[in-house]
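Peer 1: Read off the chains here:
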Amino acid sequence: MLTPVVDAALWTLLLYLLLTAIAPPVFYLVSVLLAPRRPSRVKKMLFESGQAPLPSRAAPFPIEYFPYVIIYIAYAVFAVIAFIVVLDMLRSSESLIRGLLILSVITAGAIYASAQLPSLKQRLERGATA
Amino acid sequence: MIDPVQQFLQIYNAMPEAIQTLLRFLYSESFIKAAIFPGALFSTLLGIFAVWFERKLFARVSLRIGPLNVGKVAGILQLIADALKFLSKERIIPEGVNKPLFVLMPCLALILSLLLYAFLPFGAGWVIYPSDIGLLLFFLVTALSPLPIILAGYASRSKYPFIGMSRIALQLFGYEVPLFLALTGVVLSTRTLNLEKIVEAQVAVPLAVTQVLGFIVFLVTLLAETERLPFDIPTAEGEIVFGWQTEYSGVYFLMIQLAMFEKVLAFCFLGTLLYLGGWLGPPIPGIPESISAPIWMILKALVLFTLVALLRGVYPRLTIEKVLDLGWKYLIPLAFLNLIITAGVSLVGESWSITL
Numbered sequence: 270m271l272t273p274v275v276d277a278a279l280w281t282l283l284l285y286l287l288l289t290a291i292a293p294p295v296f297y298l299v300s301v302l303l304a305p306r307r308p309s310r311v312k313k314m315l316f317e318s319g320q321a322p323l324p325s326r327a328a329p330f331p332i333e334y335f336p337y338v339i340i341y342i343a344y345a346v347f348a349v350i351a352f353i354v355v356l357d358m359l360r361s362s363e364s365l366i367r368g369l370l371i372l373s374v375i376t377a378g379a380i381y382a383s384a385q386l387p388s389l390k391q392r393l394e395r396g397a398t399a
Numbered sequence: 011m012i013d014p015v016q017q018f019l020q021i022y023n024a025m026p027e028a029i030q031t032l033l034r035f036l037y038s039e040s041f042i043k044a045a046i047f048p049g050a051l052f053s054t055l056l057g058i059f060a061v062w063f064e065r066k067l068f069a070r071v072s073l074r075i076g077p078l079n080v081g082k083v084a085g086i087l088q089l090i091a092d093a094l095k096f097l098s099k100e101r102i103i104p105e106g107v108n109k110p111l112f113v114l115m116p117c118l119a120l121i122l123s124l125l126l127y128a129f130l131p132f133g134a135g136w137v138i139y140p141s142d143i144g145l146l147l148f149f150l151v152t153a154l155s156p157l158p159i160i161l162a163g164y165a166s167r168s169k170y171p172f173i174g175m176s177r178i179a180l181q182l183f184g185y186e187v188p189l190f191l192a193l194t195g196v197v198l199s200t201r202t203l204n205l206e207k208i209v210e211a212q213v214a215v216p217l218a219v220t221q222v223l224g225f226i227v228f229l230v231t232l233l234a235e236t237e238r239l240p241f242d243i244p245t246a247e248g249e250i251v252f253g254w255q256t257e258y259s260g261v262y263f264l265m266i267q268l269a270m271f272e273k274v275l276a277f278c279f280l281g282t283l284l285y286l287g288g289w290l291g292p293p294i295p296g297i298p299e300s301i302s303a304p305i306w307m308i309l310k311a312l313v314l315f316t317l318v319a320l321l322r323g324v325y326p327r328l329t330i331e332k333v334l335d336l337g338w339k340y341l342i343p344l345a346f347l348n349l350i351i352t353a354g355v356s357l358v359g360e361s362w363s364i365t366l
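Chains as they are written, first to last, in this note's numbering: chain X, 270 to 399; chain P, 11 to 366.
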């Protein structure tokens, strides 16, 4: 059951959400009132820093940093595990010792990974050429 | 002599029912919190002040004067003039862009940045949405905020926004994990996710003293998450024009800039709450505590913001490899070490309290 306090807080949050949601339309309306409207072909061109526009506009994702995206997958899980362990540690002193053990294993892994990371990139590059 | 309160009550009672209801609504706690303080009006005015403050400070660092002429004192109205200028510029949408995404993403970025203020307490009770998981809610909105940025870069279909977009994706991937781990350290030592209780737990010593490592990690991730120098590679002006914001102009650019500044300020407030003791401070004579608390809070956050703004004048921009290496190789192990030290300290503290 919702207590009246929670109700008031939720109502305030909804009111605030409404206010933030109408901010962009208000900006847009003021811009419609103030801004001129003189479109031309040159204005509509993409910014090319003085060079001739390219037919293909999408740049490829820089593959040399791909290893960092891969380790994100591992570390995202690590972070969630650490968070759950911490929540567990807050319960009792027994779980505090257990949690400390898990945390030290994860930390050792993170330090080892950071020592290995420079060679990870080179290894992937070597694997690509081989 | 007529009592002004009595006079007001007479006028109030003579009004029609609808206006009475409206007045009651305008005076209600919900409306004041949502619209004035710490809600919409306050965060917008603070954002404008912060941009002015940063420009003035940055100018002083580089031996210039900064905004001067607009407004009576030190160009204080310069930012209002700038905002009006942006609003009165033509809205240009380049051809070939993904139009719905291109138009909507600045709005979404602004809404998400402003939403961060809903969970920040500015004093006991001075919060829009008091919640037992306030810290998690703040982190949730923070974790969503790269989405409009990446989609805006994607929607532009142009090469500089594309490069900026891939840079910001890599940067935010790398710094979300240490930020989360630093916040976990705070949760471990204060034993709560409620931001008000986190502040109350710092009555004796602020956490910046007991968790130096965590504070350092938080400060660096603050800079990286909000794209401040030396971590502003996604919008590096000298290299990729203006990064993911290149194709934006006029009102859209104004919204993006406002969103970025509100995010920096929200992070400064969060840093104050988590590490600098929030609104705790010596009482100011003559001012009740309910008013002096937000003053302390804002002062501390401004000190943090001054540090952030000073770094812009002092440090050169990092390269993307250095940014990624710093995040993955140093900050994550540091954040884990901080967790272990905090856990060890609380273990020692607990065994002491058992033997005593």
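Possibly wrong hints are sitting among the right ones.
Reference listing, derived: stretches of chain P covered by chain X, where coverage requires no fewer than 3 residues with Cβ under 8 Å from a Cβ of chain X [to be verified]: (1) 32-42; (2) 187-200; (3) 287-296.
Listed below are the simulated EDC-like cross-link pairs for lysine to aspartate or glutamate, each with C-alpha atoms no more than 16 Å apart in a straight line [claimed, not checked]: (4) X:Lys312 x P:Asp92; (5) X:Lys313 x P:Glu105; (6) X:Lys313 x P:Glu100; (7) X:Lys312 x P:Glu100; (8) P:Lys332 x X:Glu333; (9) P:Lys66 x P:Asp92.
Keep in mind that the hints were calculated from the coordinates and are not lab data.
Each residue gets a CB set at the ideal place from its N, CA and C atoms; glycine is no exception.
Peer 1: Are the hints correct? Go through all of them and say.
Peer 2: Quick rundown of the hints versus the structure:
Evaluation of the coverage hint for the segment 32-42 of chain P: fulfilled, as 3 residues show C-beta separations to chain X shorter than 8 Å, against a requirement of three. For the segment 187-200 of chain P, the assignment as covered by chain X holds, since 6 residues bring a beta-carbon within under 8 Å of that chain's beta-carbons and 3 suffice. Using a Cβ-Cβ cut-off of 8 Å, 0 residues of the segment 287-296 of chain P lie near chain X, which falls short of the minimum of three, so the contact claim is violated. For the given pair, Lys312 (chain X) sits about 22 Å from Asp92 (chain P) by alpha-carbon distance, which is inconsistent with the 16 Å threshold.
For the suggested pair Lys313 (chain X) and Glu105 (chain P), the alpha carbons sit about 6 Å apart, so the restraint of at most 16 Å is met. Between Lys313 (chain X) and Glu100 (chain P) the alpha-carbon distance is near 11 Å, which keeps this suggested pair within the 16 Å criterion. Between Lys312 (chain X) and Glu100 (chain P), the direct Cα distance comes to roughly 10 Å. Compliance with the 16 Å bound is thereby established for this hinted pair. As the CA atoms of Lys332 (chain P) and Glu333 (chain X) are separated by approximately 14 Å, the hinted pair is consistent with the 16 Å bound.
Our distance criterion of 16 Å between C-alpha atoms is met by Lys66 (chain P) and Asp92 (chain P), whose separation comes to about 15 Å.
Violated hints, listed in ascending order, are 3, 4; each of the other numbered hints is respected by the structure.
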